[in-house]
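*Asks:* Since the structure of chain P is already known, use the hints to place chains E and R on it.
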Amino acid sequence: MLRLESVSYRYAGAERASLRDIDLRLEYGEVLGVVGASEAGKTTLCLVASGLAPRAIRGTLTGRLLIDGIDVAGQRMHELTALVGVCFQDPATQLSGVNATVFEEVAFGPMNLGLPVEEVVERTTDSLAALRIGHLSERDPARLSGGQMQLVAIGGLLAMRPAHLVLDEPTAQLDPAGTSLVADALARLASGGSSILIAEQKTDLLARICDRVVALDHGGLRLSGQSRAVLADPSLQALGVEEPSIVRLRRLASEAGEDPARLEEEAP
Amino acid sequence: MARSGQPISEAAPLSGRLPTFLGNPGPSAFHRLNPLTKLVLATVTAVAAVVLGGIVGPAVLLLIAVAIPAAGAGVLGRLLRTSLLLSLPIAISALLVNLFFFPGGRDVLFQIGPITATREGLVFALEILARILAISGGITLFYLTTSPQALVTDLERRGVSPRLAFVASASVQTVPAMVERASTIVAAQRARGLDTEGGVVRRLRGLVPIVAPVIMGSIAEVEERSMALEARGFTRPGRRTLLWAPADTPVQRLARWLLIFCLAGLIVARSAGVLGPLP
Amino acid sequence: MESLVHVYRPSAVRALDGLDLSVGPGERVALVGQNGSGKTTLVRHLNGLLRPTTGRVLVDGVDAAGLRVAQLARRIGLVFQDPDRQIFAGSVRSEVEFGPRNLSMSEAERLVAVEEALAAVDLAGEADTNPYDLGASRRKLLALASVLAMRTPVLVLDEPTTGQDLRGVARVREVIESAHAAGRTVIAISHDMRFVAEMFERVVVLRAGRVILDGQPAEVFAKDSWPSLESTFLEAPLAARVGARLGIGSTPTDASLIAALASG
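Protein chains in written order, with the numbering used here: chain P, 1 to 268; chain E, 1001 to 1279; chain R, 2001 to 2264.
Worth double-checking, as some hints may not be accurate.
[Stated by the list, open to error] Not close to chain R: a few residues of chain P, all C-beta gaps over 10 Å, as computed:
1. Arg3
2. Ala56
3. Ile57
4. Asp68
5. Met77
6. Glu138
7. Asp140
8. Gly193
9. Gly220
10. Gly257
[Said to hold, decoys possible] With a straight-line cut-off of 25 Å between C-alpha atoms, the simulated SDA-like cross-links for lysine to any residue are:
11. P:Lys202 x R:Glu2174
12. R:Lys2223 x P:Asp204
13. P:Lys202 x R:Glu2198
14. R:Lys2223 x P:Arg208
15. P:Lys202 x R:Gln2081
16. P:Lys202 x R:Arg2173
17. R:Lys2223 x P:Ala177
18. P:Lys202 x R:Pro2052
19. R:Lys2223 x P:Arg248
20. P:Lys202 x E:Glu1224
21. P:Lys202 x R:Phe2195
22. P:Lys202 x R:Ser2256
23. P:Lys202 x R:Glu2097
24. P:Lys202 x R:Ala2244
25. P:Lys202 x R:Ala2222
26. P:Lys202 x R:Gly2135
27. P:Lys202 x R:Thr2162
28. R:Lys2223 x P:Leu252
29. R:Lys2223 x P:Arg262
30. P:Lys202 x R:Ala2255
31. P:Lys202 x R:Thr2232
32. P:Lys202 x R:Gly2163
33. P:Lys202 x R:Asp2060
Calculated from the structure, these hints are not laboratory results.
Using N, Cα and C, we set each Cβ at its ideal position, and we do this for glycine too.
Excised from the complex, chain P in its bound form (with noise of 0.2 Å):
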């Protein structure tokens, strides 16, 4: 279990804080949405989740980040890897750009930790099964398209078998055809008891894999609940943060006079 325990963040240099007093738990097993405008804080709580802030970006962190009930304040960050895994919107920034195979690009973190050869490659085959892109194998990772690109980052994070995964925005920078090759994924990992922390604007994206969903407001947690309650809150838009097109459809069909069930058929 991963919890944010009145965590506020101040990035270095910055005035205001960009995260303020937030308390948030990721139980094992579990997919957590987080939902809100730009600057409200999505990127800030992803780094302090991953443990990356204030371990590689400066700044003030307040508040405890416990893992399994444990506070890693004092843990450096590869010690950190096989707990909370981390990946960001752009595919290309998240491969190292220095292997020559999708394989060894996949390996790369494994071989990081000084892992055995056998199992290196063990977890790496894993990894590529687990996201279908065994095929990609023997391919230069610079030569993807955009959604294969993001599933070989992803791919290098489960090859490092974290207890929980933490996605900022994973589709944000990629075309439909890669935001439903990674939303497929992203769903089978669900399914299959990943837990997983994953902050989005898409909010049809959301409704289809979260468990629960927390929506953020200028650095504070607004809403938090069951995936459906919090996607359906009707406060939602104020915070700037899209309905979810079924929820959309349903609230202009009551709106409008029409029974809204007459579209239920069509929810993901």
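*Replies:* Chains E and R alone, transformed into the frame defined by chain P:
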């Protein structure tokens, strides 16, 4: 050169279960030489060409250490194109400056208006040209026959810090991305009416809107990349696992030391004045 | 005002493959298709950043080949997808002033154009802010404003809603509506099918450098077109799919679906 790692004299793979496509060195015997051997050959060729001077020395080096191996590796055509492109700007300016303005040139070849081309200038220019060609040829041959990953892996196996090796390799491999970014930026600013097709002053004024986003973008990208690397355990101290390493052999080790020894001898001989100037 | 844009058989690395398209003045046209289908290549031909290998690009009936990019920039305002590949100035205002200055706009006109553009994207209050202190969404709006201020008769937007939050998308919609009301031509590349269906009267679907569909949203997102859309991994908006399932005609937008429900 740090040599702390266990010598691996056999080619990859280190394990029978590894996919066979890893570490494919390339089509020829020269490609399959250890990256360090090729690197030493390139460096010794370049330095020796400078130390030897004259025309004959660099020309012989060019033939033996660059042209023949390149032909053997089947990259002679690409080598000619790339190394000529690399050296052409310097070569032309060196030729023009020395041909016409070589101090103390007496033997006049021809005159264009007030400037005079001298034979001494021509010879000196040719000497410079020979060195430039040997240097660029040696480096290009190395570049064309060695994958950056093979070099990095080999250096890492020999105990060079993986971070250092990574920085070296990443800086080479991000060049295409940099170029792509810069060209998008140029396009974006031209779309906003920046006239890059005008005179010198106009072009200079147009540099800020192009250079600033390139720099800011690079900084942001480096930051993102370093976070992604940290998240994958790259900053963990201690040895990394290597899946494969380029083959090395005792013969190659001996050859490298011989090359370095010969170069050292050459430098000593030249600085002691034992070896007279070659033609 | 005439702003006819015509691209005829350019084939730069076959990114565009014998493509014919003409856009009339005041039209709102959405270009959709996968990455690599030629959308970006196409719009870069409009203002001369790319020149056709073969074929012609006509702007207002004049062959663009005879015009420099800086001249075409007066007619065609192109907003790139990634704002960080254009933002360079120390303040929001001077970033927006860059285009108008390049076009040698008079100072009086420039002041008005800059103020209007900043107001259009709700950045008037941030005129003296350093662009790098804005979040990604507002930087993107800033890039939009910097081209709006050039007051070009044609506005071309490359993925204007990507990476935008709800408020940002609302701003983009307002900008398109007021540009349309002012008679400007708007061409946009987008992956967001709902945005496309609701904001544009014409949708052009590209695949491998060719036009495979071209028509009103109700035509392009009608059930008959789905196989073509799916061939390039596109999916009609939810409203269109619901409408088709309920058998109440082609309803590409939420509004058209609700209206059809009400009448049916």
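*Asks:* Against this structure, judge whether each hint is valid.
*Replies:* Hint check:
no. : hint                 : in the structure
1   : Arg3                 : holds (27 Å)
2   : Ala56                : holds (19 Å)
3   : Ile57                : holds (15 Å)
4   : Asp68                : holds (33 Å)
5   : Met77                : holds (25 Å)
6   : Glu138               : holds (21 Å)
7   : Asp140               : holds (17 Å)
8   : Gly193               : holds (28 Å)
9   : Gly220               : holds (16 Å)
10  : Gly257               : violated (8 Å)
11  : P:Lys202 x R:Glu2174 : holds (21 Å)
12  : R:Lys2223 x P:Asp204 : holds (22 Å)
13  : P:Lys202 x R:Glu2198 : holds (18 Å)
14  : R:Lys2223 x P:Arg208 : holds (24 Å)
15  : P:Lys202 x R:Gln2081 : holds (18 Å)
16  : P:Lys202 x R:Arg2173 : holds (18 Å)
17  : R:Lys2223 x P:Ala177 : holds (20 Å)
18  : P:Lys202 x R:Pro2052 : violated (37 Å)
19  : R:Lys2223 x P:Arg248 : holds (22 Å)
20  : P:Lys202 x E:Glu1224 : holds (22 Å)
21  : P:Lys202 x R:Phe2195 : holds (13 Å)
22  : P:Lys202 x R:Ser2256 : holds (23 Å)
23  : P:Lys202 x R:Glu2097 : violated (34 Å)
24  : P:Lys202 x R:Ala2244 : holds (24 Å)
25  : P:Lys202 x R:Ala2222 : holds (24 Å)
26  : P:Lys202 x R:Gly2135 : holds (18 Å)
27  : P:Lys202 x R:Thr2162 : holds (11 Å)
28  : R:Lys2223 x P:Leu252 : holds (23 Å)
29  : R:Lys2223 x P:Arg262 : holds (19 Å)
30  : P:Lys202 x R:Ala2255 : holds (21 Å)
31  : P:Lys202 x R:Thr2232 : holds (21 Å)
32  : P:Lys202 x R:Gly2163 : holds (10 Å)
33  : P:Lys202 x R:Asp2060 : violated (39 Å)
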